[in-house]
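Those protein sequence lines, which keep their order, are chains A and B.
The first sequence begins at 1 in my numbering and counts up by one.
The second sequence begins at 1 in my numbering and counts up by one.
With a straight-line cut-off of 30 Å between C-alpha atoms, the simulated DSBU-like cross-links for lysine-lysine are: (1) B:K26 / A:K112; (2) A:K112 / A:K148; (3) B:K25 / A:K33; (4) A:K33 / B:K26; (5) B:K417 / B:K290; (6) B:K407 / B:K437; (7) B:K26 / A:K6; (8) B:K26 / A:K179; (9) B:K105 / A:K112; (10) B:K108 / A:K121; (11) A:K33 / A:K121; (12) B:K108 / A:K112; (13) A:K5 / B:K26; (14) A:K179 / B:K25; (15) B:K25 / A:K148; (16) B:K26 / A:K148; (17) A:K148 / B:K4; (18) A:K6 / B:K25; (19) A:K148 / B:K124; (20) A:K179 / B:K4; (21) A:K148 / B:K105; (22) B:K219 / B:K230; (23) B:K25 / A:K44.
What the hints contain is simulated information worked out from the structure, not anything from laboratory work.
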Amino acid sequence: MTSKKKSVGVIPLGNISEIALQAIAEHITGCFKLTTQILPPLEKPEYAIDERRLQYNAGIIIETMEAMHFGNHDKVIGVLNKDLFIPIFTHVFGEARQGGTCGLVSLFRLAKNSDGSSPPKSIIHERAAKVALHELGHLLDLLHCEHKRCLMHFSGGTEEVDEMSLDLCEYCSIYLQDKLR
Amino acid sequence: MDKKMSIMVVDDEAIVRESLFHWFKKYGHVAETASSGFEALEKLEKYPFQLLFVDIKMPGMDGIELLKKVKTEYPDTLVIIITAYGSIESAVKAMRIGATDYLLKPFKPDQLSLVMERISVQEKLVSQYNYLKGRLEKITRFDNIIGQSPPMEAVFSLIPEVAQSDSSILLVGETGTGKELVAKAIHAESRRSHLPFIAINCGAIPESLLESELFGHQKGVFTGATRARKGFLEVVSGGTLFLDEIGEISPKMQINLLRVLEEKKITSIGSREPVEVDFRLVSATRRDLKKEVAEGIFREDFFYRINVIMIEIPPLRKRKEDISLLVEHFLIKYSQETNKTVDHVTSNAMGLLKQYNWPGNVRELENAIERAVVLSKSRTLRIEDFSFIQPSGIQFQESLSLREMEKAYIQKILEEKNWNVTQSAKVLEINRVTLHKMIKRYCLERPEG
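Make the full structure from the sequences, and use the hints.
Written out as structure tokens, the structure reads:
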């Protein structure tokens, strides 16, 4: 029995630097061994802005994206540089639902260190790649993981994102292989 | 957290329910939502959720009312209150009612992770507590005492009866009969079972030390008293104090303990301040204290104080029908402890074990089985494995047949009973006619003179 290899689309929501998009796409190809393509950009998701919080509601963006068609791509990661939230949380770096088709990565908070300083671009791109891979993991039904260095470990701050490796732990790797089979 | 939990999010706002629902799904938890307190209670009736996230402001039944109902009907269910900035007072109230924690919304994702981490630690502790409690119950459990002979059945039926009262109990029995096990079983069956059980062997501690152990002492009252120490009579607080070998204590100590039992107060050595104490006393002795009272060796008033209820624990030789059951029990115990499979005893060996008088009672039998299991090279214990047991008057040799052994044993009993056939038949648990036939078959003769 053969299975079709999953294909992932990386789509900018608004004006996003080409290097950031490429970093995300190449890490998906390199780490998860999936075919990845950068898709033409969508409009900035102004429909999802919360006037009271002045943040963008990740749930609304994901629902909107899931109603769209993205060719033959099984999973799609949207990239934006707006501050994302889900209603109970102050903010999120990214968002995806277990087994869903669309996930999000926001560069907004990744571009700042916790002390307010700005990291070099390379660090921002690496953080974005990690968050994108983490959210893609959820789209592929991977759960949060206990291992601190695993890509599926939950990160509440940028330091934790930096501490996280670009690899899955042994168990999550096996689980991913099963999911992709 | 590695343990997956069953969680219900109770909030009238669909968007909050959905956010938390999807968040918990990412951890692999069993997640459910309810839009009102009523719906939550309905779902709780059908499924035992471990953790509830409850919004404080909800129409109909608010979070506080739901929390009260949950804590009354499902006290083990943990509740986390979610509240907005304006309702901190309600959150404090919720904590007083029994909420485990509260979160001010919107919260940082790592705040939720931290709360979940704390719950995980708490759950782990509760689970460890339950495990240890179970272990303790197993150790002190009533059915840990082995026996189905009529004298043991009598003891078993007494234990739950006497456990319910607070009267002092005196356990009388030879050494090794399991007096401490009975004391533990009484404690386990009593309303004090969740409180300490402290056992002290009065015969093993010198009197001066015993006084300080029981009553405690102040700092500096004697050499070595570098700090104040509470005595066991105080430490046992509410539990059961088991004084083994009570017959060994001095008349002075008898007076001191008598006073404690009457006044329920103690004064530690070097102190003038009496402290109230509450404990149930179970004592044990292998001596005939009634005789010692009559002889004036033991104080009569103290004897009656500790002997409100007396339970006699029969020696093993009077309940030989329990031996095979005990052997089976100890084989399992020591096979597990030594990691060896020794699960059989030949009928010859069992015959020897039943024939022996066991002056050290169950403890001696246990030691014998332990030794045999440790040294055994096969899964079956044979008569040779018990060569260290020397039944009085009969020396067993490897070549001894069952017939020869039976002959020797019958002869021994007849001699012990001065050739009184009725009494000998009783000991051998056969009828007189059978014994006469055996005497004839084995050509046994009464010695001259």
